[in-house]
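Peer 1: In order, the protein sequences belong to chains Y and S. At position 190 of the first sequence the residue is numbered 190 (the numbering used here), and the sequence of numbers has no breaks. At position 227 of the second sequence the residue is numbered 559 (the numbering used here), and the sequence of numbers has no breaks.
Some clues are possibly wrong.
Stated by the list, open to error - Over the 10 Å line for every Cβ pair with chain S, so calculated as not near, a few chain Y residues:
| hint | residue |
| --- | --- |
| 1 | M1 |
| 2 | L12 |
| 3 | I20 |
| 4 | D46 |
| 5 | G196 |
| 6 | D228 |
| 7 | E230 |
| 8 | D250 |
Unchecked claim - The following label-pair restraints were derived from C-beta to C-beta distances:
| hint | chain 1 | residue 1 | chain 2 | residue 2 | range |
| --- | --- | --- | --- | --- | --- |
| 9 | Y | D250 | S | F522 | 57 to 65 Å |
| 10 | S | M527 | Y | F253 | 47 to 55 Å |
| 11 | Y | N148 | S | V421 | 27 to 35 Å |
| 12 | Y | K304 | S | A534 | 48 to 56 Å |
| 13 | S | M527 | Y | K171 | 33 to 41 Å |
| 14 | S | Y340 | Y | G85 | 38 to 46 Å |
| 15 | Y | E18 | S | A534 | 54 to 62 Å |
| 16 | S | L425 | Y | A36 | 44 to 52 Å |
| 17 | S | E566 | Y | E189 | 45 to 53 Å |
| 18 | S | E566 | Y | E18 | 46 to 54 Å |
| 19 | S | Q560 | Y | E194 | 48 to 56 Å |
| 20 | Y | P192 | S | A563 | 53 to 61 Å |
Just so you know, these hints were derived from the structure itself, not from any lab. All figures in this text were calculated on a predicted structure; none of them were measured in a lab. Cβ coordinates follow ideal geometry from the N, Cα and C atoms, glycine included.
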Amino acid sequence: MLNPNLKLNPKLWNDDVEQIPIRKGFGEGLVNAGEADKNVVALCADLTESTQMHLFKERFPDRFVEIGVAEQNLVTVASGMSAMGKMPFVSSYAMFSPGRNWEQIRTTIAYNDRAVVIVGSHAGISVGPDGGTHQAIEDIAIMRVMPNMIVLSPCDAVQARIATKALANIKKPAYLRLAREKTPVMTTEATPFEIGKAQVMYTPDGLAHVGVIATGALLHRALLAARDLEKKGIRVKVLNIHTIKPLDTDAIFALAKETRALVTVEEHQKIGGLGSAVAEFLAQKLPTPIEMIGVDDHFGQSGKPDELIEHYGMGREAIKAAITRAVNRKNG
Amino acid sequence: MLTEAKAYELSQKANSIRESIIEMLLTAGSGHTAGPLGMADIFALLYFHILKHDPKNPDWPARDRLVLSNGHICPVYYATLAHAGYFPVSELLTLRKFGTRLQGHPHREYLPIVETSSGPLGAGLSQAVGMALADRIDFGRSVNRFIYCLMSDGELDEGNSWEAILLAGKEKLHNLIAVIDRNNIQIDGFTEDIMPLDDLAAKWRAFNWHVIEVDGHDFMGLSQAFSQAQAVFEKPTVIIAHTIPGKGVKEFERDYKWHGTPPNKEQAHTALEELRTLGGKIKSEHK
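Put together the whole structure using the sequences plus the hints.
Peer 2: Written out as C-alpha cells, the structure is:
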C-alpha cells in the first residue's frame with residue numbers, strides 16, 4: 001500500500017491520473033522562490049519557455065538575464081552573481097548544461113562553493129523525437145561526481161515545485177534534473193520533502209522480498225510494477241530517491257537489510273547513475289544483489305517517449321522482470 | 333590623478349613585488365614567471381592607487397571587486413596582496429607547498445580573500461559580468477562601484493571569453509572594466525603564431541566595448557586609462573595593456589619559454605640582483 005504518512009495522490013493508480021511536465025513544477029516553484037526572496041535571479045540560454053523559466057521572467061523581468069545560446073557563459077555569469085549575494089537559477093537542456101559546461105560548473109560553482117542551481121531540463125530519453133543529441137542520460141554521473149554538488153531528481157511536478165523552493169533556501173551548489181514530458185503526479189502539496197531524505201512510497205504487508213529504488217518519473221512505473229507483483233505474492237517496497245547526492249544511505253541500508261535484493265530504476269545510463277551510487281555504497285557496507293534498470297551503454301534515438309522507454313528496457317514489464325530476477329538471485 | 337611622486341612610489345612597490353615573485357618561484361620550484369613579472373606594475377597601480385579596498389577588512393561589502401581570470405599569474409596576485417597587508421610577506425614562500433593557502437592556482441576555499449578561484453582559462457570575465465549585473469540589479473544604472481577583470485591575451489582563444497564579451501556589450505555594463513595583459517606570448521609560442529588575435533582592439537569595439545590601448549608599464553598612462561574607463565557610461569571598457577613578459581629581468585623578457593617555467597637558483601640570484609640594483613643603476617642593499 002501507499003505510505004499513508006506521505007499523503008500521496010490517491011489517484012496515482014488510475015489511468016486518468018493527472019499528468020503534468022516536471023519542468024512546469026520547477027517554473028512555478030521558481031516564481032514562489034522569487035516572491036519569498038528578492039535575491040533569487042534567473043538566467044536562461046535561449047530556452048526560456050521550454051524550461052518554464054518564462055513564468056519567472058514575466059513576474060520579475062528585472063531579475064531575469066537572457067544569456068543567449070552560450071551555456072559556458074550561463075553558469076559562469078551565475079557564479080559571479082552568486083558572489084554578490086544573489087541566488088541564481090540557470091536553465092537550459094540538461095544535454096547543454098551541464099552537458100557542455102561541466103568544467104565551468106566545477107571550477108566556478110562547485111570549487112568556489114557558490115550558491116547556484118543548475119537546472120537541466122529535458123533530461124532522459126523521454127525527450128523523444130529530438131533524438132539522441134538532445135537526450136541527456138549521462139548528467140547524473142557527471143554531476144554527482146563533483147564535490148560540493150547537490151543532485152536532485154524529483155519524481156513529479158509537485159515535488160519539483162517544492163524542491164525548487166528548498167534549493168532557493170539552502171543556498172548551495174546544486175543540480176536539478178527535470179524531464180520534458182507530462183508525467184503522472186504521485187505526490188501532493190502535503191507530502192513531506194527534505195533534501196537528502198528518501199521517501200518510502202510503497203510498502204507491502206509484512207517484510208518485503210525486494211526493494212526498488214527509483215528516481216524521477218520512472219518511479220510511477222516502479223510503483224505499478226510493485227503493485228502488480230504483490231498480487232502474485234512478491235512483496236516489494238519502493239523507495240523514491242529524489243536526492244541522488246547526498247544519498248540517503250540510512251534508508252538504502254535499511255531497505256537492503258530488510259530485503260537482501262534490490263532493483264534500481266532510472267532514466268539514465270546504468271554507468272554512473274543512481275544504480276551505481278547505490279552499488280558503490282552497498283558494496284562497501286552491505287553487499288546486496290542489485291538489478292539495474294537504465295540505459296545499457298547506448299545513445300538514444302528518435303521515437304515517442306513511451307516507445308523509447310520500452311525499447312531501452314525501462315518499462316513496467318522490464319521492471320517486473322528485474323524484480324523477479326533479483327528475488328531469484330537472492331533465493332538461488 | 334597620479335603625481336610623479338606617487339608614480340615613483342608605485343614603481344618601487346612593483347619592484348618589491350617582482351623581488352617577491354622571484355623568491356616565491358625559486359622556493360616553489362614550479363610556476364609561471366613571465367606573466368607575473370609583466371603584470372607587477374598594473375597590480376601595484378590597482379592595489380596601491382585605484383581599488384577601493386581594505387586589507388584590514390577584506391569582506392568590506394562596498395569594496396571594489398577584482399577577478400583574476402588567468403589564475404596562473406597568481407604569484408603577482410599573492411605578492412601584491414601580501415605587500416598590501418592582507419597577510420605576512422613571509423607566507424609568500426609557502427607558494428605551492430602542501431597545506432599552503434597559496435595554492436598553485438587561486439582557490440577560495442584556502443584563501444577566501446580572493447574573489448574567485450581560477451586557473452582554467454576564459455571564465456573570469458563571465459564572473460565579472462555576473463558581478464556587474466548583480467550590482468546593476470541592486471543599484472540601477474547609477475551604480476558607481478567597479479568590477480575589474482584581469483585577463484590574459486592567450487585566454488582569448490577560449491570561446492567562453494567571447495560569450496562574456498558579447499553579453500557585457502549587450503548589457504552596456506559601464507561598471508565593468510577588463511584589463512588584458514597583452515604580452516603576446518602563450519605556452520606554445522607567440523600569440524600571433526598560435527592563434528592570431530589582432531586586430532584585437534577592433535574585435536572588442538565590434539562587440540560594443542570602449543577600448544583603450546596603453547603601455548602596461550607606464551603608470552601615468554595606465555592611471556589615465558583607468559580614469560577614462562570609469563568615465564565612460566554607455567559601454568564596458570577594456571584596457572589593452574601592452575606589457576613585456578618577464579618585465580624587469582632582461583634574461584626573461586619577451587621570451588615565451590618563461591611563460592610556465594620558474595628560475596633556477598642561479599637565474600633567480602641574477603634576477604634579484606638586477607631588480608635590487610634597478611639594472612645596475614644603484615647598489616643592492618642586500619650585499
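Peer 1: Are the hints correct? Go through all of them and say.
Peer 2: For each hint, the structure was consulted:
1. M1: Y:M1 clear of chain S: closest Cβ-Cβ about 47 Å, beyond 10 Å.
2. L12: Non-interface label on Y:L12 holds, nearest chain S Cβ at 41 Å vs cutoff 10 Å.
3. I20: holds, 31 Å
4. D46: holds, 12 Å
5. G196: Check passes; 22 Å lies beyond 10 Å.
6. D228: The claim holds: Y:D228 sits with its nearest Cβ about 50 Å from chain S, beyond 10 Å.
7. E230: Given a closest Cβ separation of 49 Å, the condition holds.
8. D250: With a cut-off of 10 Å, Y:D250 remains clear of chain S, as the shortest Cβ separation is near 28 Å.
9. Y:D250 <-> S:F522: 57 to 65 Å: At 59 Å between Cβs, range holds.
10. S:M527 <-> Y:F253: 47 to 55 Å: holds, 53 Å
11. Y:N148 <-> S:V421: 27 to 35 Å: holds, 32 Å
12. Y:K304 <-> S:A534: 48 to 56 Å: At 51 Å between Cβs, range holds.
13. S:M527 <-> Y:K171: 33 to 41 Å: holds, 39 Å
14. S:Y340 <-> Y:G85: 38 to 46 Å: Given about 40 Å between the Cβ atoms, the range holds.
15. Y:E18 <-> S:A534: 54 to 62 Å: holds, 57 Å
16. S:L425 <-> Y:A36: 44 to 52 Å: holds, 49 Å
17. S:E566 <-> Y:E189: 45 to 53 Å: With Cβ atoms ~48 Å apart, the hint holds.
18. S:E566 <-> Y:E18: 46 to 54 Å: For S:E566 and Y:E18 the Cβ distance comes to about 51 Å; the hint holds.
19. S:Q560 <-> Y:E194: 48 to 56 Å: holds, 54 Å
20. Y:P192 <-> S:A563: 53 to 61 Å: Between Y:P192 and S:A563, where Cβ atoms are some 56 Å apart, the hint holds.
Figure legend: structure checked against the earlier numbered hints; every hint is met.
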